[in-house]
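Novice: Build out the structure end to end from the sequences listed, making use of the hints.
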Amino acid sequence: MDEAIQKQVGAGNLATGIFAAIAGWIVPGLGHLLLRRWGKAAAYFLCISGLACAGLVMRGGVFAAGAQDLFDRLGFFADLGTGGFYLLAHWIQTAGPDVAHATGDYGTRMFATAGMLNLLTVLEAYEIGRGRRT
Amino acid sequence: MTSLFGSLTHFQALTFFALVVSITFAFLSKRGTSERVKYVLLALLAFLLVAIGIGWLMYPFSQ
Chain A
1 MDEAIQKQVG AGNLATGIFA AIAGWIVPGL GHLLLRRWGK AAAYFLCISG
51 LACAGLVMRG GVFAAGAQDL FDRLGFFADL GTGGFYLLAH WIQTAGPDVA
101 HATGDYGTRM FATAGMLNLL TVLEAYEIGR GRRT
Chain B
1 MTSLFGSLTH FQALTFFALV VSITFAFLSK RGTSERVKYV LLALLAFLLV
51 AIGIGWLMYP FSQ
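Sequences listed follow chains A and B, in order.
Our numbering applies: residue 1 is where the first sequence begins, and numbers increase by one.
Our numbering applies: residue 1 is where the second sequence begins, and numbers increase by one.
Just to be clear, a hint being listed does not mean it is correct.
List time: in silico SDA-like cross-link candidates among lysine to any residue, alpha-carbon distance up to 20 Å [what the hints assert, rightly or not]:
(1) B:Lys30 with A:Leu123
(2) B:Lys38 with B:Leu49
(3) B:Lys38 with B:Leu19
(4) B:Lys30 with A:Phe45
(5) B:Lys38 with B:Tyr59
(6) B:Lys30 with A:Gly131
(7) B:Lys30 with A:Leu120
(8) B:Lys38 with B:Leu48
(9) B:Lys38 with B:Phe17
(10) B:Lys38 with A:Gly39
(11) B:Lys30 with B:Leu41
(12) B:Lys30 with A:Leu33
(13) B:Lys38 with B:Phe25
(14) B:Lys30 with A:Arg37
(15) B:Lys30 with A:Met116
(16) B:Lys30 with A:Trp38
(17) B:Lys30 with A:Ala65
(18) B:Lys30 with B:Leu14
(19) B:Lys30 with B:Leu44
(20) B:Lys30 with A:Leu119
(21) B:Lys30 with A:Glu127
(22) B:Lys30 with A:Arg132
(23) B:Lys30 with A:Arg36
(24) B:Lys30 with A:Ala42
(25) B:Lys30 with B:Phe47
(26) B:Lys30 with B:Ala43
(27) B:Lys30 with B:Leu45
(28) B:Lys30 with A:Leu46
(29) B:Lys30 with A:Arg133
(30) B:Lys30 with B:Val40
(31) B:Lys38 with B:Leu28
(32) B:Lys30 with B:Leu42
(33) B:Lys30 with B:Leu19
(34) B:Lys38 with B:Ala18
(35) B:Lys38 with B:Phe16
(36) B:Lys38 with B:Val50
(37) B:Lys30 with A:Thr134
Have a look at the derived ranges for each label pair, beta carbon to beta carbon [stated by the list, open to error]:
(38) A:Leu120 with B:Ala51: 18 to 28 Å
(39) B:Val50 with A:Ile18: 55 to 65 Å
(40) A:Gly66 with B:Lys38: 42 to 52 Å
FYI, nobody ran anything at the bench for these hints, they're computed from the structure.
All C-beta atoms in this analysis are idealised placements derived from N, C-alpha and C, irrespective of residue type, glycine included.
Specialist: Encoded structure:
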């Protein structure tokens with residue numbers, strides 16, 4: 001590891017990591033934006049927001065809290081990963097879910113995948129904020 | 001956006017999903033533009049080939 005990277009890696013702290021992680025969870029890519037990772041911030045925002053919005057527009061289902069079924073509970077945690085999009089889901093998806101058709105079913109998976117991808121980017125933002133990753 | 005995504009075919013939806021996931025994984029796991037572009041192309045191709053392969057394998061059971 002060269003000197004510049006080593007300096008950059010050691011620059012973080014716990015508070016920065018947690019702040020970046022929370023910001024990145026609420027808005028995909030925001031954590032990286034605050035950490036001045038412009039390219040990653042733009043890519044994550046476009047990809048994850050695009051996937052989440054596509055899932056909602058395709059009338060995919062959004063899992064609610066307090067479900068009895070284990071798969072629904074897992075789905076809820078995956079959906080929750082989209083952060084702000086989960087809270088705005090009912091506003092974006094004005095027509096409501098329609099999982100009886102294949103398009104709606106795909107939308108459900110796309111929204112859950114967006115949540116899982118966002119959780120991965122949140123972990124990366126935390127690691128960068130902590131100074132463990134460049 | 002509703003008219004665009006509401007009328008996607010199965011293959012178009014699959015391609016969009018594969019492209020977006022590939023790009024995100026490329027930025028998560030690779031450094032440098034050329035490495036990322038290579039990763040996106042390979043992952044996208046793998047997604048599409050596997051999906052089409054599984055589709056062909058499942059076809060006899062749909063009859």
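Novice: Going through the numbered hints above, which ones does this structure break? Give me the numbers in ascending order.
Specialist: 5, 17, 18, 39
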